[in-house]
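Novice: Whole structure, please, built from the sequences with the hints as guidance.
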Amino acid sequence: MPDVLLEYQSEIWVSIGETFIMVGFSILAALLIGLPVGTFLFLCRKGQLLENQLVFSSLNLIVNIIRSFPFLLLVIFLIPFTRFIIGTAIGTAAATVPMTIIAIAHYSRLAEQSLLDVPKGVMEAAVSMGASVKDIIFKFLYVEARSALVLSMTTSTISFISYSTIMGVVGGGGIGDFAIRYGYLQFRTDLMIYIIIIMVICVQIIQYAGITLARKIDKR
Amino acid sequence: MISLHNVSKRFGSFEAIRSVSLRIESGEIHGIIGASGAGKSTLVRMMNLIEQPDEGDVVIDGETLNHLKGKRIRQIRQSLAMIFQGHHLLSNKTVFDNVVVALQLAKVPKKLRAEKVMESLRFVGLDQLKDQYPGQLSGGQKQRVAIARAIVNQPKVLLCDEPTSSLDPNTTAEVLEVIQRINQEFGVTIIIVSHEMEVIKSVCERVTVMADGQVYQELEIEPTGVHKMEHSAEGIIKRLKSGGDFNHA
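For the record, the sequence lines run as chains A and B. FYI, in full-length UniProt numbering the residues of the first sequence are 1 to 220. FYI, in full-length UniProt numbering the residues of the second sequence are 1 to 249.
Everything labelled a hint here was simulated from the structure, so no lab data went into it. These numbers come from a predicted model, not from an experiment. Glycine residues also receive a C-beta, built at the ideal position from the N, C-alpha and C atoms. Any given hint might turn out to be false.
Claimed, not checked - The calculated lysine-lysine pairs, modelled on BS3-like cross-linking and capped at a C-alpha distance of 25 Å, are: (1) 120/A - 219/A; (2) 134/A - 93/B; (3) 139/A - 107/B; (4) 71/B - 139/A; (5) 69/B - 139/A; (6) 216/A - 93/B; (7) 156/B - 107/B; (8) 93/B - 219/A; (9) 71/B - 46/A; (10) 120/A - 111/B; (11) 93/B - 116/B; (12) 130/B - 116/B; (13) 107/B - 93/B; (14) 201/B - 139/A; (15) 111/B - 156/B; (16) 139/A - 46/A; (17) 216/A - 130/B.
What the hints assert, rightly or not - Derived Cβ-Cβ restraints for the label pairs, each shown as a range: (18) 55/B - 84/A: 36 to 44 Å; (19) 132/A - 166/B: 25 to 33 Å; (20) 68/B - 54/A: 25 to 33 Å; (21) 134/A - 1/B: 26 to 34 Å; (22) 61/B - 49/A: 35 to 43 Å; (23) 114/B - 132/A: 21 to 29 Å; (24) 109/B - 84/A: 45 to 53 Å; (25) 166/B - 76/A: 40 to 48 Å; (26) 107/B - 217/A: 20 to 28 Å; (27) 166/B - 17/A: 49 to 57 Å; (28) 109/B - 132/A: 15 to 23 Å.
Specialist: Dropping the structure here:
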């Protein structure tokens, strides 16, 4: 292992832990809130089961607005809200607030698009079999879209890692912030390069795991 | 018994079904034939309320369906099974799991499910393929899985929307043979929508000819009078063709 990494070993592990917390919360929010929001968006579309133009347009607009924000500005814009929720706007816990909000918007859109790939006939067959909306979602939609949903989550996770590098502005820490503070600001270019290499390796592993899982569960 | 009373359906400005009345007796195999756009699929989809009629009533065994909502209509749909031109199977589930889903929806106790699924798969001759995925099956096999899924809950009625349109003649004959056996062995009322006269002639007892969203004529196929019906139906088609309304006989 290069000396510079050994020298900063403990700081690097702390930073990786911070990234893990921020990205972990984002994935959780994406799954628990983003997926239902994306599913609801899909179901409210024209010609779908819960077609409702007003609800669809409103939700669609909110998702678009959040995704349109440059992430750094979103973090700053949300400071009062973060303070209200967490009690402080500084630190890793505070950083999870804007991260979860962007995660929900990001994954809901990707989930909605994944569900659009489910053949309409499958939904039609489900309705003809007497399936309720809940049955249609869990026994038909998610079953048919599962590999696309996994790939979308892979893409989202990689984006969350990228977003997490910005969280240094509110003291969120993380491996990206470490690379900026210790590598760039202290003129340790070699350290910065090593951190970038670590991040590239992490992203490659996540991408590989996502593609492998998606392929394994795709029986089409 | 299925009765439609003056049902109509519009899609925007297009009048898909215009005041159609129809009566189908329990246990019969009834054909609905017509060209593309004649309204035959819309008509059959109104029987299980996948399409809600704008006007008129759908009555099954004395119960008017089109005012029902929620759980009751879902229960009714489980007794009015349906198969489609595309098999509409879950491609990520095995043949067994595709059939068992119908039992899960009907809340059949878990311990009874495996036996019922295998019984249904044996009926369509696919019990040996229970662990295969739809992507590994031929078109005819997929349609037979869809039939197994449709009959596993022992429905009263089987609605077949162009069930053989994408199949070759041999596979079509196999699928029609299964449909006919369902009627003979279980007494299930069967309604087959098709634009192919051969399909209708081979299995149906009565035929409704549709054109422009209306019932043009109802015909009976007598055991010894198939030819009579054939001429009659073809005559209708020719007449419609000459009028430019029937583009796909």
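Novice: All the hints need checking, so say for each whether the structure fits it.
Specialist: Against the structure, the hints:
1. 120/A - 219/A: holds (18 Å)
2. 134/A - 93/B: This hinted pair holds, its Cα atoms lying about 18 Å apart.
3. 139/A - 107/B: holds (13 Å)
4. 71/B - 139/A: holds (17 Å)
5. 69/B - 139/A: holds (21 Å)
6. 216/A - 93/B: holds (13 Å)
7. 156/B - 107/B: Satisfied, since the Cα-Cα distance of roughly 18 Å is no more than 25 Å.
8. 93/B - 219/A: Answer holds: residue 93/B to residue 219/A is near 8 Å, not above 25 Å.
9. 71/B - 46/A: holds (24 Å)
10. 120/A - 111/B: violated (32 Å)
11. 93/B - 116/B: Roughly 17 Å between the alpha carbons, so the hint for residue 93/B and residue 116/B holds.
12. 130/B - 116/B: holds (13 Å)
13. 107/B - 93/B: holds (19 Å)
14. 201/B - 139/A: violated (38 Å)
15. 111/B - 156/B: holds (23 Å)
16. 139/A - 46/A: holds (22 Å)
17. 216/A - 130/B: holds (20 Å)
18. 55/B - 84/A: 36 to 44 Å: violated (54 Å)
19. 132/A - 166/B: 25 to 33 Å: holds (30 Å)
20. 68/B - 54/A: 25 to 33 Å: holds (26 Å)
21. 134/A - 1/B: 26 to 34 Å: holds (33 Å)
22. 61/B - 49/A: 35 to 43 Å: The hinted range 35 to 43 Å is violated for residue 61/B and residue 49/A, with Cβ atoms some 27 Å apart.
23. 114/B - 132/A: 21 to 29 Å: holds (24 Å)
24. 109/B - 84/A: 45 to 53 Å: holds (50 Å)
25. 166/B - 76/A: 40 to 48 Å: violated (57 Å)
26. 107/B - 217/A: 20 to 28 Å: Roughly 27 Å apart at Cβ, these two residues keep to the hinted range, so it holds.
27. 166/B - 17/A: 49 to 57 Å: Cβ of residue 166/B to Cβ of residue 17/A: about 56 Å, so the range 49 to 57 Å holds.
28. 109/B - 132/A: 15 to 23 Å: holds (19 Å)
Of the numbered hints given earlier, the model fails hints 10, 14, 18, 22 and 25; all others are met.
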